[in-house]
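Student: When you get a sec, could you build the whole thing from the sequences and use the hints?
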Amino acid sequence: MVDPTDIAAEVTATLRSERVRLVAHLVRVTGELELAEDCVQDAAAAALVSWERDGVPHNPAAWLTTTARNRAIDHHRRRVAEARRLVRADDVRRPDEWADPERGTDPVDPLRLLYMCCHPALPMAGRVALTLKTVAGLSTLEIARAFLVSEDTMRRRLSRSRDKIRDAGISFRLPEPHRLRQRTADVMAVVYLTFNEGYSRTVRGHVRDDLVADALMLADLLVELLPDDAEVHGLRALLCLQASRQWSRVGPDGVPITMEEQDRTTWDGELIRQGLDSLALAQRLSGASPGPYRLQAEIAACHATAPSAGATDWIRIVDLYELLARVQPSPIIDLNRAIAIGFRDGPDAAIAQLATIQDVPGRATAHADFLRRAGRPDEALAMFRAALADASTDAEIQTIRRRIAGLLT
Amino acid sequence: MRYLMFVVEDPARTDEDRSAAPEVEEFFDYVRAKGGWELAARLQPVESATTVRVQAGELLVTDGPFTESKEWIHGVAIFEAFDLDDAIEIASRNPHAYLGRIELRPIHSMGGLDD
Numbered sequence: 006m007v008d009p010t011d012i013a014a015e016v017t018a019t020l021r022s023e024r025v026r027l028v029a030h031l032v033r034v035t036g037e038l039e040l041a042e043d044c045v046q047d048a049a050a051a052a053l054v055s056w057e058r059d060g061v062p063h064n065p066a067a068w069l070t071t072t073a074r075n076r077a078i079d080h081h082r083r084r085v086a087e088a089r090r091l092v093r094a095d096d097v098r099r100p101d102e103w104a105d106p107e108r109g110t111d112p113v114d115p116l117r118l119l120y121m122c123c124h125p126a127l128p129m130a131g132r133v134a135l136t137l138k139t140v141a142g143l144s145t146l147e148i149a150r151a152f153l154v155s156e157d158t159m160r161r162r163l164s165r166s167r168d169k170i171r172d173a174g175i176s177f178r179l180p181e182p183h184r185l186r187q188r189t190a191d192v193m194a195v196v197y198l199t200f201n202e203g204y205s206r207t208v209r210g211h212v213r214d215d216l217v218a219d220a221l222m223l224a225d226l227l228v229e230l231l232p233d234d235a236e237v238h239g240l241r242a243l244l245c246l247q248a249s250r251q252w253s254r255v256g257p258d259g260v261p262i263t264m265e266e267q268d269r270t271t272w273d274g275e276l277i278r279q280g281l282d283s284l285a286l287a288q289r290l291s292g293a294s295p296g297p298y299r300l301q302a303e304i305a306a307c308h309a310t311a312p313s314a315g316a317t318d319w320i321r322i323v324d325l326y327e328l329l330a331r332v333q334p335s336p337i338i339d340l341n342r343a344i345a346i347g348f349r350d351g352p353d354a355a356i357a358q359l360a361t362i363q364d365v366p367g368r369a370t371a372h373a374d375f376l377r378r379a380g381r382p383d384e385a386l387a388m389f390r391a392a393l394a395d396a397s398t399d400a401e402i403q404t405i406r407r408r409i410a411g412l413l414t
Numbered sequence: 078m079r080y081l082m083f084v085v086e087d088p089a090r091t092d093e094d095r096s097a098a099p100e101v102e103e104f105f106d107y108v109r110a111k112g113g114w115e116l117a118a119r120l121q122p123v124e125s126a127t128t129v130r131v132q133a134g135e136l137l138v139t140d141g142p143f144t145e146s147k148e149w150i151h152g153v154a155i156f157e158a159f160d161l162d163d164a165i166e167i168a169s170r171n172p173h174a175y176l177g178r179i180e181l182r183p184i185h186s187m188g189g190l191d192d
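For the protein sequence lines, the chains are A and B, in the order given.
Here the first sequence is numbered in this note's numbering, starting from 6 and rising by one per residue.
Here the second sequence is numbered in this note's numbering, starting from 78 and rising by one per residue.
Everything hinted at is true.
Short derived list, chain B residues pointing at chain A, Cβ under 10 Å:
id	residue
1	Y80
2	D160
3	D162
4	I165
5	L181
For the record, the hints were derived by calculation from the structure and aren't laboratory data.
Every residue, glycine too, gets a C-beta built ideally from N, C-alpha and C.
Tutor: In structure tokens:
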């Protein structure tokens, strides 16, 4: 008789490292996402009972695979029995074909699962939800909480996406070689969006914080599955470097703290080290043609390695934003470049630059802040007030209010 | 799986896109070689459309298409593809993917569980 707590820990540990491979394998076997997840869940429940009684098997992952596969076969047999009344038996695939004991799990299956869940024919919200559910193993309730919707809404979103996969004919397979780069970018976009959902609204103790950890987990998985892809390493580097500041960005009262004002000793050194390691790999793999994730990671690395806000290498950051604007033009990048120019050349340069760019969220706030730095408090105050009317996120509103309060005292 | 391909015009397409479009013959050579092409039809202009319905036992015939849109379907095709990625690949070689837009709709199949 083994201690049940140890068994539960063993099952959890095996699932943590093997779950995505198990689910992917079951998707290959059954052709169904939800059934695959259920079978893995059932196998884990069975393990709790069986391993306590008979001891932990020699190869826990293989035990879970076999058990999950047997669940799938049972399920299919039941369904075939029901289906026989409706269709000719020949039309239903025989479950014995699944049970081939020689067939182990295919190491590429988790990647196939990712490409499937992040397929561009699915709506973005569905891709994110499905990836978190199927690949990261979150419960429907956890995803619903993270995205501030009801469990029912999230359940419908997931089932609509699964239906689309089935009805539109999205297959469990790798993209054609000439589409691989784009499809990998689609997967990375889902991971980055997941990260930002958590990162941009950090509230200590809120379930959204987990999204940061989930996104990091997905980035680790991508690195494992696509070790030769420079941008995948760039993405992981970017996530690690940004996540290193996660807990320094918000004060105990929930008020956001700008990077300039953050206590750099609270940044997570381990995540910075991991981020810099990934960045080095991305640099080695992409050489002279850096992609957007690597470039953003380089910028994040400049901040992460600067001894103080004042000692930040703004010359290099402006150069990096210029490269980034070339490979991935966007008004947000223009805004960030203008801000970087302000820190390199002074507030007047930023104000001039900001006047030339498209109006995007955050532009008015940045403009107001450089007016403040330029010693033009009245104009700054008017601009902050205008920005407050357009501010959409809590963090932005609180920052602007704090600045207004500062200017009024 | 079988897919229906709708082709719509998109006046917003740039000359650059238009000039990048492959020749229609090139596309037909490709689908002929690939197989699975069942039907393709170019439609008369939308001005020729007629909408028909029977309402409260009465036949109603009206002039024009049933959708209120600035984009008109001007071609349809039905073809067999391995899966959606395969269908997307086929659609992406259609010159109308450069000149307009293409909608892919899977066709319901009658049959067993595995369809």
